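> Residues per chain, in single letters:
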Amino acid sequence: MKILAIDTATPASSVAIGDDDAVRGLSVNVDRRGHVKFLVPAIDFCLSQAGWNSRDIELVAVDVGPGPYTGLRSGIATAQAFAAAIGAPMATVSSLTTIALRAATGHRRIWPVVDMRRGQIAVAPFTPLPGGVAPDGDPEVVRPEDFKAMLEAEAVESLVVGDWQSVPDSTWTGLQNVKRGMPRYPSAETILEIAAMKARHGKTLGPEDVRPTYMRDPDVQINWKAFRSEGAWPQ
Amino acid sequence: MSGPIVLGFETSCDETGVAVIEGLVERSSVLASQVEEHARFGGVVPEVAARAHVEAIRPLTHQAITLAGIHPNDIDAVAVTRGPGLTGSLMVGFSFAKSFAYALGKPLYGVDHMEGHLFAPRLSFEAYEPPAVVILASGGHSQIVHVKAWGEYEVLGGTIDDAAGEAFDKLARFMGLGFPGGPAIDRDSDGGDPDAIRFPRALRDRPYDFSFSGLKTSVVTYLEKARDNDELPARSDVSASIQEAIVDVLVEKTFNAVESTGVEVVGGGGGVLANRRLRERLAEEADRRGVGLFIPEPGLCTDNGAMIASVAVHRIEGGVPGDEFGGDVDPGLRLNP
Ligand SMILES: [Zn+2]
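Going down the list, the protein sequences come from chains C and F.
Numbering follows my numbering, in which position 142 of the first sequence is assigned residue number 142; successive positions increment by one, without gaps.
Numbering follows my numbering, in which position 91 of the second sequence is assigned residue number 91; successive positions increment by one, without gaps.
Only chain F is shown next, with the shape it has when bound in the complex:
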């Protein structure tokens, strides 16, 4: 196994990720998570995030290169997220990566963060190839993408209000479970009954779109009423029921897309895909329908530098030259706009 050695940077939100991959083999992948910094505010604060990226990026680069067992001169190319994301955060990674590539005399590849998520399963599974349907769900995005071929994407649907991860965060906060909400609710639902409370599943009539604001309102109303009547159920039952409502919708819409496109490959990415119940339900459904499911390990679902580098590897192997050094970040970047 070999291929180009690519150094990848990801700084679009609250994780600084730097990785070295060779072909599709990860040689190192390091991360500075800002969970603790943001936990006290209950969400990601852009200025806090940008400050943390500037602190972390240089030492992480050193660590990624050292762990990979290479010298900077061995790098064939540098890849970096250029959007979508928080402007101040993107600018730190993009400026750093661009200058690092230029000073080394190597090509630079600016990558769409979402395309990085679409590629990530390739780092775990050789059989993962388009055509595929990919569910992307995190704190910042929730969409279902039809990957017709690499570089050819159709966004079939997405959230019309909160992203799935955002819904988890807000609900966990209301339940007093802390930030980030996804892992907190996942843990808290252990031993809980997912059918204890039937929270609404929104937008049943729109095959690929999500909405989580109704769920939020319904949980808040339910809890306030239960508390006023002194009838609060076991917290784990509420957590499991909330989780089930979100998971139900994500699974249903994903397989709506599988059915209408006729693909036999299903992928997933984004922090919400680390949720154990979602992984279990997607696996059951894929099994039942006899389609291949390719959800990488949680560390490749959440934001990381390796997924960004893997997009560049594909471009290099396809003979695509590096970007001009006069480029800029694009916080509003969209897959195949």
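Bound-form chain C, shown alone:
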């Protein structure tokens, strides 16, 4: 099965193209504001590496977060439009699962971290298994100090991966049984692998059912506080 995979959940964006056996094209770019410019030329590059054209793609896979929304939405819109244009099904993957899967070695409980900005991170625990990882709790959006408390309460050894460099160094001081490791960001290459597995289990969906994982309500600011919403006339 020919798959296109797109990831824009973090400052790194990546595109991968491949089939069940191998990655045929991969392109990565680290630029927090560069997602929109990068994606389609990267897809074009990967397709030409594989010697395929857009209509050869049979499944479009995308990272649906958690991650900062603006970049995330451009990746999802790009993936949805591509799938809709050629009539292909889609597969969705979580950014945290993607990072955890790449880190899966040893016995430690894996905690991938995604920077959600404004002093918050998304985290979730995973248990390593032979050939993969299993989620071991729900993803949460927390402050670094809350995450520190979560790790302190752990009875087992932990491995923190993902964008742990985005939190203050003080988060790590005094922690026992906690190691930090790679990778820092998710990669479309891993999404390709997860999507192929999902497709084998029939876990695909239509582009209309794909949406971002927000985990946070939109900020709302009303600019004209001085105005009285009840109006001048008695109701």
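Honestly, the hints are just simulated from the structure, not real lab data.
Note that the structure is predicted; figures quoted are calculated from it, not measured.
Where hints are given, some of them may not hold.
As the list claims (entries may be wrong) - Listed next, with one range per pair, are the computed distances between beta-carbon atoms: (1) F/74 x C/22: 32 to 42 Å; (2) C/89 x F/297: 37 to 47 Å; (3) C/208 x F/187: 27 to 37 Å; (4) C/206 x F/151: 34 to 44 Å; (5) C/28 x F/205: 50 to 60 Å; (6) C/146 x F/3: 57 to 67 Å; (7) C/132 x F/74: 54 to 64 Å; (8) F/74 x C/106: 23 to 33 Å; (9) F/205 x C/145: 33 to 43 Å.
Yeah, the Cβ is synthetic: ideal placement off N, Cα and C, and Gly gets one too.
With chain C fixed as given, assemble chain F with the ligand onto it according to the hints.
Frame of chain C, contents of chain F with the ligand only:
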């Protein structure tokens, strides 16, 4: 009538618009309005808007193509707004349109939202051609543009503070009329006396510029005083008077531009041009001066995908190739900067 078939996307603010046009004939135009989402905040909230665009754009694309009675392969080109507007909202439409065009193997045309408004009357009137003076007024923009030729624009003036639609929104909110304010005040002014209260008309000395903050202050002061003295007039009189003050300024500045440029064609676009009193007053004034007035139906004045597609049709017919796929949105885009 025929011409290229263009799929147009518009997501610069709070409406997701997708349309299919063939030449200058609209084959379908669909819209997901976010009025209800934003109404509870009394204005457009960028993150709320971007979330709604991502929900709406795929089903609307399907709907626009189906209603047009075409297959995606029949599309000759894809057009999309690349600015000005809210970054997060623009990025959804731009990413979607770019990828859709690429996957179909069709050219992509990035369009200035304001140029879309300048072109919109072409979808209703064959006689609408430059040179023209066009008044653009909405919640996000208010300007008077001298369209010398297609692609050759001079912005003669614009708002120095609130956009006209924003002034309507804020005043309607203070009056307890809800959001969006333009349609609310338009409705509420039915039967009201536009001359009941004389609110100030600002910047009389600057021929093409607007300012609405003085009006806002004056209405607020007036209402507070009237309420304190228990002398509140009929609400419809206040609505009609506010509307008249805004309309007066828009009409006066538009025809100042008509006079100084000597054009015989006047166009209009933006949500405020759906206001009934403004349309009536512009028509009276155009009639009196014997110039042609081309204000399309309200659905083409407010943001929509067809106006964006119509700019691409013009470029295609002029032999302009599509954009590179490595382009980006430009939230601060300006007509002929
Ligand atoms: Zn507009």
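> The structure should be examined with respect to each hint, and the outcome stated for every one.
Against the structure, the hints come out as follows:
1. F/74 x C/22: 32 to 42 Å: 36 Å, holds
2. C/89 x F/297: 37 to 47 Å: Given about 39 Å between the Cβ atoms, the range holds.
3. C/208 x F/187: 27 to 37 Å: 35 Å, holds
4. C/206 x F/151: 34 to 44 Å: Once the Cβ atoms are compared, 40 Å apart, the range 34 to 44 Å for residue 151 of chain F and residue 206 of chain C holds.
5. C/28 x F/205: 50 to 60 Å: 58 Å, holds
6. C/146 x F/3: 57 to 67 Å: The hinted range 57 to 67 Å holds for residue 146 of chain C and residue 3 of chain F, with Cβ atoms some 59 Å apart.
7. C/132 x F/74: 54 to 64 Å: Given about 44 Å between the Cβ atoms, the range is violated.
8. F/74 x C/106: 23 to 33 Å: 55 Å, violated
9. F/205 x C/145: 33 to 43 Å: 58 Å, violated
The structure shown violates the earlier hints numbered 7, 8, 9.
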